[in-house]
Amino acid sequence: MIKLELQSVRLGYGDNVVVRDLTFRVMPGEMVGLIGPNGSGKSTIIKALSRVISPSSGQIFLDGKDISQISRGDLARLIGVVPQMPLLPSAFTAFEIVLMGRNPHLRFFQYEGPRDMAITWQAMEMTATHSLAERRVDELSGGEIQRIVIARVLAQEPKSILLDEPTANLDIRHQVEILDLIKNLCLENNLTVLAALHDLNLAAQYCDRLILINNGQVHAQGTPGEVINSRNIKEVYEAEGCVYAHPVNGLPAVLLKAGNSKQAKPRDEIEGGVV
Amino acid sequence: MPSYRVEPLPVEQVVPVRFPHWRRRVYAILGLLVATVVVMAFATTVGSVQIPFLTTCRVLLSQLPLVDIAPTWPSTTETIILEIRLPRVVLAGLVGAALAIAGATYQGLFRNPLADPYLIGVAQGAALGAAIGFLLPFDWYGMGFGIIPLLAFTGALSSVAIVYSLARVGKTLPMTTLILAGVALGAFWGSIISYLIITSGEKIHGIIFWLMGSFALSQWSEVTFVLPYVVVGAAIILLYARSLNIMQLDEEQAQQLGINVEKLKLILLAAATLITAAAVSFVGIIGFVGIIIPHAVRLVWGPDYRFLLPLSVLSGAVFLILADLIARTALAPTEVPIGVITAICGAPFFLYLLRRKKRAVFF
Chain A
0 MIKLELQSVR LGYGDNVVVR DLTFRVMPGE MVGLIGPNGS GKSTIIKALS
50 RVISPSSGQI FLDGKDISQI SRGDLARLIG VVPQMPLLPS AFTAFEIVLM
100 GRNPHLRFFQ YEGPRDMAIT WQAMEMTATH SLAERRVDEL SGGEIQRIVI
150 ARVLAQEPKS ILLDEPTANL DIRHQVEILD LIKNLCLENN LTVLAALHDL
200 NLAAQYCDRL ILINNGQVHA QGTPGEVINS RNIKEVYEAE GCVYAHPVNG
250 LPAVLLKAGN SKQAKPRDEI EGGVV
Chain B
0 MPSYRVEPLP VEQVVPVRFP HWRRRVYAIL GLLVATVVVM AFATTVGSVQ
50 IPFLTTCRVL LSQLPLVDIA PTWPSTTETI ILEIRLPRVV LAGLVGAALA
100 IAGATYQGLF RNPLADPYLI GVAQGAALGA AIGFLLPFDW YGMGFGIIPL
150 LAFTGALSSV AIVYSLARVG KTLPMTTLIL AGVALGAFWG SIISYLIITS
200 GEKIHGIIFW LMGSFALSQW SEVTFVLPYV VVGAAIILLY ARSLNIMQLD
250 EEQAQQLGIN VEKLKLILLA AATLITAAAV SFVGIIGFVG IIIPHAVRLV
300 WGPDYRFLLP LSVLSGAVFL ILADLIARTA LAPTEVPIGV ITAICGAPFF
350 LYLLRRKKRA VFF
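Those protein sequence lines, which keep their order, are chains A and B.
As numbered in numbering that gives the first Met the number 0, the first sequence has no gaps in its residue numbers, which increase by one up to the final residue, 274.
As numbered in numbering that gives the first Met the number 0, the second sequence has no gaps in its residue numbers, which increase by one up to the final residue, 362.
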């Protein structure tokens with residue numbers, strides 16, 4: 000529901016420039032995956048879009064409005080962020096954590112009312128975390144915490160959701176569950192979603208469009224079929240990837256081949272040619 | 000507008016979760032409010048001169064507007080109650096409340112359970128100011144009290160100002176740098192204080208007693224100086240209670256939830272520092288209250304700052320009034336330093352709470 004736009008943005012921490020000259024846009028209602036190797040600047044871009052860091056040059060626009068002109072409170076009503084491995088205070092209950100998502104909608108000395116409670120509860124139902132409501136954070140597993148934080152973002156009622164590695168440290172069932180949930184939210188509520196993803200296969204399965212980042216610049220962007228091919232993977236990741244069509248939906252899928260390590264002998268050599 | 004917006008309904012219909020703590024916490028605030036008043040009246044009754052509890056209550060009530068009680072007590076009784084005991088009790092309550100809320104605020108801001116009101120150089124700055132005050136060849140009573148509290152107050156604030164400017168990096172204030180700068184500068188002041196103490200000759204007694212903290216000889220003029228700082232500071236901190244809750248996530252998440260983190264840190268540090276400096280200046284450095292009271296409240300009533308802060312204020316007041324009562328009556332006519340009492344009585348109680356819960360309270 001909101002358009003995100005980066006125009007020749009330069010980002011970094013002190014003298015260490017991470018992103019040099021980045022330009023891309025995410026259209027309203029789109030689910031876009033941000034892929035690229037470690038250190039390519041994916042998390043930094045998420046931080047810049049939520050104004051945790053400011054670009055040293057270039058501009059970021061939300062629906063055409065410069066992000067530096069938007070107050071923190073207004074920004075939190077537009078953009079919700081699911082951080083990578085969020086740290087939560089252990090003595091709070093899951094419900095209290097999700098309720099914190101209502102903060103940008105509350106006035107200075109206002110307490111959460113019935114409506115805030117209801118929205119919070121509904122966000123927990125959507126993420127299937129309502130049964131955990133009264134549990135303390137230190138009693139929750141990694142996957143449950145990840146879902147709690149997504150519920151918090153839903154309670155925030157943003158127009159756009161940014162996710163930084165939402166499936167890191169989750170098993171395959173939870174990876175699929177989380178991304179299904181986000182994809183459905185994107186479709187049903189017309190949310191603009193930008194997700195930094197490590198897993199190329201998941202990125203190809205769920206995203207409308209992928210942006211491949213390398214050395215802080217856009218290396219390629221387009222549909223998963225256009226971006227994920229063995230040439231791009233070799234250029235960006237410097238790894239051998241075997242790209243084939245997914246047997247069910249034909250979307251690109253990546254299989255890795257072992258590199259030059261000593262154990263990486265072909266199977267037939269090890270087992271005397273019997274396969 | 001997202002389609003998951005919902006219409007207002009009664010909470011019980013929409014949210015089938017019980018909130019066991021919320022109502023309990025409100026009752027706790029009311030209960031502690033009553034306890035504070037009762038403890039104050041009781042502490043005013045007890046002392047070297049025996050005054051019956053009812054007489055004390057009648058003297059106190061007669062001071063309220065619209066209450067008409069004919070005095071049936073000697074005027075010395077009234078003087079003892081109103082000019083000697085009551086200012087002392089009120090100051091003890093005020094300082095207890097101040098240290099407790101300042102401690103809770105520092106713990107929340109630094110996300111560190113070991114933080115206390117003296118973490119960033121308030122205590123050592125105040126002590127240095129007080130030590131200099133003791134060594135000055137003159138005194139000044141322009142505000143109804145000596146020059147020592149004024150120098151202690153100035154020392155505390157200057158010390159934190161120096162720590163703050165040392166720790167600032169560009170537009171941000173990293174909390175770890177602030178703690179380290181505070182500890183380092185505190186150690187530096189500490190060495191100067193030690194030097195002043197050993198070279199102070201016969202004034203050594205005054206300085207050491209000040210450092211141990213005492214409510215002896217409290218006056219109304221001191222209460223009127225401390226009161227505005229504590230009331231205004233505590234009100235500001237209470238207004239930001241919800242923001243303090245969100246700060247418990249981490250600074251990045253707090254920003255993404257709409258908190259202006261740098262502004263919040265500045266406001267809360269300033270408020271908590273003013274409160275602590277005002278409290279410390281008159282009664283010296285009273286340890287233990289600022290770190291233990293907020294934790295005890297957390298153990299019993301949970302980590303939500305909207306309840307933690309007011310509950311800490313009231314618990315701190317009750318605790319320090321009782322501690323001072325013991326300090327002045329246990330070995331009467333000798334006064335026990337209040338710091339001794341706070342630790343002797345507070346530590347076992349706190350350890351009992353800690354053992355009863357047996358789980359992480361803070362992080």
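Honestly, the hints are just simulated from the structure, not real lab data.
Among the clues, some could well be false.
With a straight-line Cα cutoff of 30 angstroms, these simulated BS3-like cross-link-like pairs (lysine-lysine) come out [stated by the list, open to error]:
1) A:LYS64 <-> A:LYS2
2) A:LYS233 <-> A:LYS182
3) A:LYS182 <-> A:LYS64
4) B:LYS264 <-> A:LYS233
5) A:LYS64 <-> B:LYS202
6) B:LYS262 <-> A:LYS2
7) A:LYS233 <-> A:LYS256
8) B:LYS170 <-> B:LYS264
9) A:LYS2 <-> A:LYS182
10) B:LYS170 <-> B:LYS262
11) A:LYS64 <-> B:LYS264
Simulated coverage check for chain A against chain B, where a stretch passes if three residues somewhere in it have a Cβ under 8 angstroms from a Cβ of chain B [claimed, not checked]:
12) 41-54
13) 241-254
Which chain A residues face chain B? A few, computed with CB under 8 angstroms, are given here [as the list claims (entries may be wrong)]:
14) GLY72
15) VAL80
16) PRO82
17) PRO85
18) LEU86
19) LEU87
20) ALA90
21) GLU95
22) ALA127
Every residue, glycine too, gets a C-beta built ideally from N, C-alpha and C.
request  = Please work out if LYS64 of chain A and LYS202 of chain B have their alpha carbons no farther apart than 30 angstroms.
outcome  = Roughly 66 angstroms between the alpha carbons, so the hint for LYS64 of chain A and LYS202 of chain B is violated.
message = Just to be careful: measuring from the Cβ of LEU87 of chain A to every Cβ in chain B, is the smallest value less than 8 angstroms?
response = LEU87 of chain A check passes; min Cβ-Cβ to chain B is 6 angstroms, inside 8 angstroms.
ask   = Is LYS264 of chain B within 30 angstroms of LYS233 of chain A, Cα to Cα?
value = 47 angstroms, violated
ask   = Does VAL80 of chain A meet its interface restraint, that is, does its C-beta lie within less than 8 angstroms of any C-beta in chain B?
value = With a minimum Cβ separation of about 4 angstroms from chain B (threshold 8 angstroms), the hint on VAL80 of chain A holds.
query = Given the hinted pair LYS262 of chain B and LYS2 of chain A, is their alpha-carbon gap at most 30 angstroms?
reply = Since the Cα atoms of LYS262 of chain B and LYS2 of chain A sit roughly 29 angstroms apart, the hinted pair holds (cutoff 30 angstroms).
LYS170 of chain B paired with LYS262 of chain B [C-alpha distance capped at 30 angstroms] = 10 angstroms, holds
key: Hinted pair LYS64 of chain A and LYS2 of chain A, Cα distance within 30 angstroms   = 10 angstroms, holds
inquiry  = Hint validation: ALA90 of chain A versus chain B, beta carbon distance must be below 8 angstroms. Holds or violated?
reply    = Holds: closest Cβ of chain B sits about 4 angstroms from ALA90 of chain A, inside 8 angstroms.
inquiry  = Hinted pair, alpha-carbon criterion (30 angstroms max): LYS170 of chain B, LYS264 of chain B. Please report holds or violated.
reply    = Answer holds: LYS170 of chain B to LYS264 of chain B is near 12 angstroms, not above 30 angstroms.
Interface hint compliance - LEU86 of chain A to chain B, C-beta minimum distance less than 8 angstroms = Result: holds, 5 angstroms to nearest chain B Cβ.
task = Mind checking the CB of PRO85 of chain A against every CB in chain B and telling me if the closest is under 8 angstroms?
result = 6 angstroms, holds
request  = Take a quick look at whether LYS182 of chain A and LYS64 of chain A sit within 30 angstroms of each other, Cα to Cα.
outcome  = It holds: about 26 angstroms lies between the C-alpha atoms, which stays within 30 angstroms.
Consistency note: the structure conflicts with the earlier hints numbered 4, 5, 13, 22.
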